[in-house]
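Per this note's numbering, the very first residue in the sequence shown carries number 1; after that it's consecutive.
Don't take every hint at face value.
[Said to hold, decoys possible] Label pairs and their in silico Cβ distance ranges:
no. : residue 1 : residue 2 : range
1   : L111      : E64       : 29 to 37 Å
2   : K16       : P73       : 29 to 37 Å
3   : D97       : P58       : 19 to 27 Å
Everything labelled a hint here was simulated from the structure, so no lab data went into it.
For each residue, glycine too, the CB sits at the ideal point set by N, CA and C.
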Amino acid sequence: MSPSVLIVDDDPFIRKLIATTLEDVAGFELAEAADGYEAVVVAGRENPQVVFLDIDMPRMDGFEACRRMRADPDIADATIVMLTAASGGGAEREAEDAGADLFLTKPFSPLELLHLVESLGARAGD
Numbered sequence: 001m002s003p004s005v006l007i008v009d010d011d012p013f014i015r016k017l018i019a020t021t022l023e024d025v026a027g028f029e030l031a032e033a034a035d036g037y038e039a040v041v042v043a044g045r046e047n048p049q050v051v052f053l054d055i056d057m058p059r060m061d062g063f064e065a066c067r068r069m070r071a072d073p074d075i076a077d078a079t080i081v082m083l084t085a086a087s088g089g090g091a092e093r094e095a096e097d098a099g100a101d102l103f104l105t106k107p108f109s110p111l112e113l114l115h116l117v118e119s120l121g122a123r124a125g126d
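Please model the entire structure based on the sequences and the hints provided.
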């Protein structure tokens, strides 16, 4: 089964940037969501191995979405990478407390994203 990636951000430009970058990685299946609530629904349906999850979103923020994914035994093992435009302010600590595996501050380079996903994909396929 191909490793799958769920991209969650309320900014369609960020979702497209991540999706376009990941198209260069053969074998990844992509799904998208525009807010935390939709992320939990899509994750439950798609069972992704990797989730890129923005923090600041409408309806449900990334911290709560992360906690809900961790509470669902079907998707609890997904690697969750929290995304934020803000650095500092305790966001990284709160992401860790919510169950995130990694924390990535926007803006990030496509190359940085590609290397991160390739390393996570190799891990997910083990």
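Tested hints:
no.: 1; hint: L111 / E64: 29 to 37 Å; result: 31 Å, holds
no.: 2; hint: K16 / P73: 29 to 37 Å; result: 32 Å, holds
no.: 3; hint: D97 / P58: 19 to 27 Å; result: 22 Å, holds
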